[in-house]
Structure formats: structure tokens, C-alpha cells
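> Full structure from sequences and hints, please.
There are 2 protein chains.
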Amino acid sequence: MKNPSASMLVIGDEILSGRTRESNMHFLAIELSKVGIDLKEIRIVKDYRPAIISAVRKLSTSFDYVFTSGGIGPTHDDITSECMAEAFNCKIDINIDAKKILEEYYLGLGKDLNSARLRMARIPEGAKLIKNSVSAAPGFSIENVHVMAGVPKIFQAMVLSILKTLKRGRPNISKTLKLLLAEGDIADLLKKTVADYPNLSIGSYPFVKSGKYGVDIVINGDSSELIDQFISTLESKIKKLKGEDLT
Amino acid sequence: MKNPSASMLVIGDEILSGRTRESNMHFLAIELSKVGIDLKEIRIVKDYRPAIISAVRKLSTSFDYVFTSGGIGPTHDDITSECMAEAFNCKIDINIDAKKILEEYYLGLGKDLNSARLRMARIPEGAKLIKNSVSAAPGFSIENVHVMAGVPKIFQAMVLSILKTLKRGRPNISKTLKLLLAEGDIADLLKKTVADYPNLSIGSYPFVKSGKYGVDIVINGDSSELIDQFISTLESKIKKLKGEDLT
Chain A
564 MKNPSASMLV
574 IGDEILSGRT
584 RESNMHFLAI
594 ELSKVGIDLK
604 EIRIVKDYRP
614 AIISAVRKLS
624 TSFDYVFTSG
634 GIGPTHDDIT
644 SECMAEAFNC
654 KIDINIDAKK
664 ILEEYYLGLG
674 KDLNSARLRM
684 ARIPEGAKLI
694 KNSVSAAPGF
704 SIENVHVMAG
714 VPKIFQAMVL
724 SILKTLKRGR
734 PNISKTLKLL
744 LAEGDIADLL
754 KKTVADYPNL
764 SIGSYPFVKS
774 GKYGVDIVIN
784 GDSSELIDQF
794 ISTLESKIKK
804 LKGEDLT
Chain B
564 MKNPSASMLV
574 IGDEILSGRT
584 RESNMHFLAI
594 ELSKVGIDLK
604 EIRIVKDYRP
614 AIISAVRKLS
624 TSFDYVFTSG
634 GIGPTHDDIT
644 SECMAEAFNC
654 KIDINIDAKK
664 ILEEYYLGLG
674 KDLNSARLRM
684 ARIPEGAKLI
694 KNSVSAAPGF
704 SIENVHVMAG
714 VPKIFQAMVL
724 SILKTLKRGR
734 PNISKTLKLL
744 LAEGDIADLL
754 KKTVADYPNL
764 SIGSYPFVKS
774 GKYGVDIVIN
784 GDSSELIDQF
794 ISTLESKIKK
804 LKGEDLT
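The listed protein sequences derive, respectively, from chains A and B.
For the first sequence, this note's numbering begins at 564 and goes up steadily by one.
For the second sequence, this note's numbering begins at 564 and goes up steadily by one.
Derived from the structure by calculation, the hints contain no laboratory data.
Glycine included, each C-beta is placed from N, C-alpha and C at the ideal position.
No false leads were slipped in.
Chain A regions said to be covered by chain B (calculated; three or more residues, Cβ under 8 Å): (1) 632-639; (2) 759-767.
In the DSS-like style, the derived pairs of lysine-lysine whose C-alpha atoms are separated by at most 25 Å in a straight line are: (3) 674/A / 754/B; (4) 772/A / 738/A; (5) 775/A / 738/A; (6) 775/B / 674/A; (7) 772/A / 694/B; (8) 662/B / 755/A; (9) 803/A / 674/B; (10) 603/A / 621/B; (11) 674/A / 802/B; (12) 674/B / 755/A; (13) 775/B / 803/B; (14) 755/B / 662/A; (15) 716/A / 741/B; (16) 775/A / 716/B; (17) 754/A / 674/B; (18) 730/A / 603/A; (19) 621/A / 603/B; (20) 805/A / 674/B; (21) 674/B / 772/A; (22) 716/B / 772/A.
Chain B regions said to be covered by chain A (calculated; three or more residues, Cβ under 8 Å): (23) 575-586; (24) 603-612; (25) 633-640; (26) 759-768.
What follows is the structure, encoded as C-alpha cells:
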């Protein structure tokens, strides 16, 4: 059976302007890999209604899950919740449970639940809340889209909480064979070996370290045995090639 | 006159699997911002032909420029050049200039220009080469798409070389007003002030530092005077609010 597929939608001008270095997608990629959900695509769009709405509609129909980050705070540039309602043609209003969560939180801080903060309780109708263990204001799930905050600490807590509830697949296993060889010297041999292992996904990533060329051969799959078999096959072919061609 | 628009297409399984932290988009975002080209969207897709082809076609028709990274090396998983040819319905073959560049480079290294390395000279017909000052194998421009390597050092050199040749706009000016206030306390006031400055793009980014809440108000625009005017207006409104409500 195939693993569930996923995509991520990052919402925020600050990434596209270069002000902020995006730091949520790496975390999400690793967590999804652990639970056997295949992350297939990431899109980053501006805080701009048509861009958000069109991206979420497209991703929602193309993949089993969509994870979004950003745009659910109290300020004028936080428009994600409104866009989700529009994308799925549903109403949006103050959610009673979300309001209660915010009331308790701001009461505890001795702060006023003013109209700006109350905006964070505006949730599309029918959506299910995602707990925010850091700063209370919840995310939410609507259809197959999980809407989360952009602040990394909050995003991470929300991802871990929502992942528990989702259907998972076979976790990805990844091993790396580090070779101190130029990528171009083994590319042909690698290509032939890869062709014999259609159930593995194999990437080749060159690097330069202390002036020396090397390449990481990264093998992904769901069978540790098959990966090991690929590695030993490739290693013995390389030894043979070294004896013949490379010195 | 409006600034040219741009998008980026990152090609590579290694980002989506979580193996590698993406590190080119931040560089590109900053460089584009300097020369007045507005980066509107980023997509990250797998080393998978249909995904690459469909993304590049869509981005190429939606934005003035597309910048791609990844997938132009010598190994089996480097399929970007073939995909670009297919996306634009043109032939792909060994490019004589690219072959000459590779021949000289590998001759200098005392290495063989084998069939795998020669693949890096396969360039869609009609494309214009982009110089690679690091490791010779060139990128290329086809229509409005600029195809570059994924290795950060090479990507950066290629971006700087190609940007010199492109039509630019008015550089973006960005200033940040750092406030040691909770975002929710000033959100309403901020919203009203923002509404008076339709030519500025204003974002609000909360942070927690040493246990204290703060918010960065980031103002982007092309007029330094207008940005300063917004900042002093907002500051005086906040002072007034502080006197009244916040202590």
C-alpha cells in the first residue's frame, strides 16, 4: 500500500522578501519522514488572498494532506483563516471553544482579550481545533488541510499534536554512503546499479570538503535489507572500477 | 512602473525528505530584493518529471522571471535539463560551447570527460549558457527561466552573473521598528495606521526574547521618506496608547 502524500504551504511575505530564513519546512520534512507520510511539494506564497486561496485549493486536491504555516495571528497581515474559509466556501465566525481558550489564557496573563486577539478565535465553520501548547491561540484542520502558526516553537508543537491523529505509512529509512570520489567518475556505474533497484529512491549529492571532492549517495526506501544490499553491490563495483580506472 | 515579478523553483528530493536544509532561497530573496525584482512565490518539487514540467510551465507563464536550482549535475537523478526541454517543447542535445567549456575544465584537472560528465553539456536548443565560475558545468536560460545548480556556492555565483543581465525595478527598502510590546496590544492601532499607507507593505512578526514578548514591525516600500513617516506616526500613536492603556 502506498504511503499517504503531503504538501506544505508556507504563507508569509517575510520569507519571500529575504527578511526571515524559513525554518519550519525542514522540521516538517523530518517528522513526516518518520511516520511514513511522503512530502511531495512545498509552496511559499505571499500574504495575498488570491495566492493563498488558489494554492490551498490546488494542493488540497492533489495530496492527501496539506500543512500550512503562518498568518493566524492577531494583526492585519494575518489572513490565512479567512482565506481557508473562502477556499472551501464555508462561513467563518468566532468559534466558542477557541474563544474560551483565549479568555482563560489572557485572564491568566492579566491581559485584555481585545478585538484584535479575539480575531484569533475566528475559525471556519466545521473546522477542528489544533492545540497550541505555547501561546493558546489554536490552529485548525479543515478538510485535509492543517492550518498552523508560523512561529517555529508553536508550529512544531502543533505538528507533533496533529501527526498523532493522522493515518501514517511505512516510515522512510535513509542511509548515506559517503565516497571520496568525484561524482562524475561514478555516475555511469551508479546509474546502472540504480536501475536494478526500482523500489529504492537514490540521490547523489556532491560536496567539496577541505579541497577534496566527494559525493554522498543517499538511499531511501522502506526496507533496510534492500538498502544494505544496494550499498554492498555499489561498493564492490566501485572497488573494481578503482582497480581498473581510478588511482 | 511596477517592478518585474519572479518565482523560484527548487528541484530536489533531498529537501523534501528532510536530508538537506534548503539554503538557496534565502540568498536569492535577498539579491532580488536589492535589484527591485519582486519574488512572489517559491515551489519545491521532487526529482520527478511531471512535477518539474508542470511547475515550470505554470511559473513561467505567471511571472516575469523563474529561477531554478538543482538537478543539472552528471548523475541519474539530474533530470532538470531534459524537463526544461520538454516543458518548452524544444530539442535537447550536446551544446558545442558547453562541451568546449567542460573539455577545457576536465583537461586542466587531468580527468576524463566521460559520458556522464558530457551529459552536463546537454542543453535545450536555443538556450543561453550561464557561466559557472566554480566548477565549469554551465547553467542556462530558456525563455524567461534561468536554470542553475543546487550546490550553494555555484548557485550564488550563477545568480550574481545572471542578475546583471536582467531588467530590474526599484530596489526594495525595508526598515524594522522593534517594539517590546505584545502584538495583540497594538494590533488594532497598527491596522488603522497601515490602512493610511497603501503604498507600503507592512508585516508584524512577534518574538519572545529572554521571556519577554516583543514584535518587529517590518515596513517595505520604495520610498525611505514614506517609511520614516509611517514609523513616526505609529510611534506617536503607541506613546499615546501607552499613556492611556498600557503600563
